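Turn these sequences into a full structure, and let the hints steer you where they fit.
Number of protein chains: 4
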Amino acid sequence: MKRAAVIGVMGAGDGARPADVETAFHLGKAVAERGWILLSGGRNVGVMDAVNKGAKSAGGLTIGIVPEANTDSLSDAVDVGIVSGMGSARNTINVLTSDVVIACGHGGAGTASEIALALKSRKPVVLLNERDVSIMFFKAVGGALVHHAESVAEAIVLVRTLLAKDRPGSTISSD
Amino acid sequence: MKRAAVIGVMGAGDGARPADVETAFHLGKAVAERGWILLSGGRNVGVMDAVNKGAKSAGGLTIGIVPEANTDSLSDAVDVGIVSGMGSARNTINVLTSDVVIACGHGGAGTASEIALALKSRKPVVLLNERDVSIMFFKAVGGALVHHAESVAEAIVLVRTLLAKDRPGSTISSD
Amino acid sequence: MKRAAVIGVMGAGDGARPADVETAFHLGKAVAERGWILLSGGRNVGVMDAVNKGAKSAGGLTIGIVPEANTDSLSDAVDVGIVSGMGSARNTINVLTSDVVIACGHGGAGTASEIALALKSRKPVVLLNERDVSIMFFKAVGGALVHHAESVAEAIVLVRTLLAKDRPGSTISSD
Amino acid sequence: MKRAAVIGVMGAGDGARPADVETAFHLGKAVAERGWILLSGGRNVGVMDAVNKGAKSAGGLTIGIVPEANTDSLSDAVDVGIVSGMGSARNTINVLTSDVVIACGHGGAGTASEIALALKSRKPVVLLNERDVSIMFFKAVGGALVHHAESVAEAIVLVRTLLAKDRPGSTISSD
Chain A
-11 MKRAAVIGVM
-1 GAGDGARPAD
9 VETAFHLGKA
19 VAERGWILLS
29 GGRNVGVMDA
39 VNKGAKSAGG
49 LTIGIVPEAN
59 TDSLSDAVDV
69 GIVSGMGSAR
79 NTINVLTSDV
89 VIACGHGGAG
99 TASEIALALK
109 SRKPVVLLNE
119 RDVSIMFFKA
129 VGGALVHHAE
139 SVAEAIVLVR
149 TLLAKDRPGS
159 TISSD
Chain B
-11 MKRAAVIGVM
-1 GAGDGARPAD
9 VETAFHLGKA
19 VAERGWILLS
29 GGRNVGVMDA
39 VNKGAKSAGG
49 LTIGIVPEAN
59 TDSLSDAVDV
69 GIVSGMGSAR
79 NTINVLTSDV
89 VIACGHGGAG
99 TASEIALALK
109 SRKPVVLLNE
119 RDVSIMFFKA
129 VGGALVHHAE
139 SVAEAIVLVR
149 TLLAKDRPGS
159 TISSD
Chain C
-11 MKRAAVIGVM
-1 GAGDGARPAD
9 VETAFHLGKA
19 VAERGWILLS
29 GGRNVGVMDA
39 VNKGAKSAGG
49 LTIGIVPEAN
59 TDSLSDAVDV
69 GIVSGMGSAR
79 NTINVLTSDV
89 VIACGHGGAG
99 TASEIALALK
109 SRKPVVLLNE
119 RDVSIMFFKA
129 VGGALVHHAE
139 SVAEAIVLVR
149 TLLAKDRPGS
159 TISSD
Chain D
-11 MKRAAVIGVM
-1 GAGDGARPAD
9 VETAFHLGKA
19 VAERGWILLS
29 GGRNVGVMDA
39 VNKGAKSAGG
49 LTIGIVPEAN
59 TDSLSDAVDV
69 GIVSGMGSAR
79 NTINVLTSDV
89 VIACGHGGAG
99 TASEIALALK
109 SRKPVVLLNE
119 RDVSIMFFKA
129 VGGALVHHAE
139 SVAEAIVLVR
149 TLLAKDRPGS
159 TISSD
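Chains A, B, C and D, in that order, give the protein sequences. Under the working numbering, think of the first position of the first sequence as -11, with each following residue one higher. Under the working numbering, think of the first position of the second sequence as -11, with each following residue one higher. Under the working numbering, think of the first position of the third sequence as -11, with each following residue one higher. Under the working numbering, think of the first position of the fourth sequence as -11, with each following residue one higher.
To be clear, the hints were calculated from the coordinates, so they are not data collected in a lab. Please read all numbers here as calculations on a predicted model, not as lab measurements. Any given hint might turn out to be false.
Which copy is meant is left open, because identical chains are indistinguishable; a pair holds if it fits in one copy or across any two.
Cut-off 27 Å, straight-line C-alpha distance, at most; resulting in silico cross-link-like pairs (DSS-like, lysine-lysine) [unchecked claim]:
hint	residue 1	residue 2
1	Lys17	Lys(-10)
2	Lys44	Lys(-10)
3	Lys127	Lys(-10)
4	Lys127	Lys153
5	Lys(-10)	Lys41
6	Lys17	Lys153
7	Lys(-10)	Lys153
8	Lys17	Lys41
9	Lys127	Lys44
Given below as structure tokens:
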């Protein structure tokens, strides 16, 4: 039996734009509908909170790795909170645990670090609704590992293609 | 809605005694039967592997945090593999994520570090079938946080009591 | 007595351009001449190796935090090797330990993660001889924390100014 | 040129016994007199603070790796503060960075975790003035890697022997 794929969704917390929060909800829902496990930074704000709520609206399994040493800031929509107690050093675990990383919306410094760490460990990254300058920068750094999408539907197609390449037998959960 | 409790089970990998591996299977089964989430070091050997197999035999949810930067050594009985890439530094995450930590059988240095780290972060610990010298040592270091049990049934009773104290409303999953 | 300032220099390892390696040597020398402690990723290749050699040529103190669990890849020009055993999660420690972070030359994904992590923890960053797209991207993410320089001399002036702002009494080591 | 050996001294912070704090000062002094670099948990209390003060009284180089994300709690006697921001996960770095680990006095849970982590990574450990139950426990877990001493002088002789075995050429700094 093949283990379900883990899709990491990264994005802004407190500073997230309303449009990105809304996109995150739809993205989380779409990830769960494919039977993929959702992984995120787990906090109860912004993109992190919304993507988990979207996944739960479709009955998905949600994992959140928080920077703090307790679960005080964990989103209510996270099923399993991994308590790292190591601040931004947990960003490395977020990307190592993900089969594909999606950056959702205009990210801040934390999201930028997660994209860069994903590329460093040779993980494919999908930039969804990112700024042009971010797309240019990450393509300069990560080359063919970097993809971009302008809708949730487009992002999901990219993830399916990337999973099929990396995990040839893992099609069971896709519709 | 209350999140399910996370029970961390620690124990030997390659060097585990056959009796401890057998106990681990029954312990994992009992944890899952209460509706608790099983957390472990996730590797496919010894106590780590057996406790996950036991939990899956009862349909539980199993999370494993591996020391490596990939899932090559992850037990097949782990549903979600958290890939830390940080060697024994992941032991801290194991204990911070657990509501109660159970050390199963005669542990080695890795297990000893997890017990000590649990006590350092004020988590209750149940020593199941541990050596007398270990019980004496950890009681000297951790005082009232340290409990010991000589059967799976006894360990489960202790965990229920400890969860009721720490998480007063969390009785939904108990039989 | 005021502790000496720690300047973190980040940059490419195996993929470093020859011009950036040469700049790194001069940068390390200049850092040591001011009495500052040099911190780096510590590996014996590229910018990391050269910046330590430059610092030692001026008798400075050099600290390197390696990703591996041993010192096999540590530059000979590092006085104290901090052995993290946690891969790229050590990048967070690199930036938290530095009073100012300098990214030297055209960085790869690892360097990009260190710049982003520095900005996330509100550390000032100097981009020395970076690509235009990198400068634009990091200014979009980090705003006033991001500075850029086109020579070692210019970078050193920036660092002195930034240290004076953050550590008002720390002028003893400056010429 | 051979890099100087790094000796890690672990011990209680706030809860340290006065006798252990006094021993720590003499131990730090003796470590520095041999030309060894002192590594510790770096905090400004108990054994951690005293061992650094002892080392500075003999002009040694002192490195402290703090659990916090800033240097607020760093001992004044530490030359270089490594800021981990990862709580007790930094204990793993303490032991990986040390050629030999000395546990000074009656340790608490944090020290116990460091001894266990040292044994897990196959580092030799010297228990100086530890409880009998601790010596028995760690010998059961770590076998021949565990040594014990009842005076600073005895501990230093042990460290010299252990360094000569592990690092055959590293005798330059010894008297």
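Hint by hint, here is what the structure shows:
1. Lys17 x Lys(-10): both (22 Å within a copy, 22 Å between copies)
2. Lys44 x Lys(-10): both (22 Å within a copy, 15 Å between copies)
3. Lys127 x Lys(-10): neither (32 Å within a copy, 42 Å between copies)
4. Lys127 x Lys153: Within one copy, since 20 Å is at most 27 Å while 35 Å is not.
5. Lys(-10) x Lys41: Both, since 26 Å and 15 Å are each at most 27 Å.
6. Lys17 x Lys153: Result: close within a single copy only, 23 Å intra versus 36 Å inter.
7. Lys(-10) x Lys153: within (15 Å within a copy, 38 Å between copies)
8. Lys17 x Lys41: within (8 Å within a copy, 30 Å between copies)
9. Lys127 x Lys44: For lysine 127 and lysine 44, the Cα distance exceeds 27 Å both inside one copy (32 Å) and across copies (36 Å).
Figure legend: structure checked against the earlier numbered hints; hints not met, in rising order: 3, 9.
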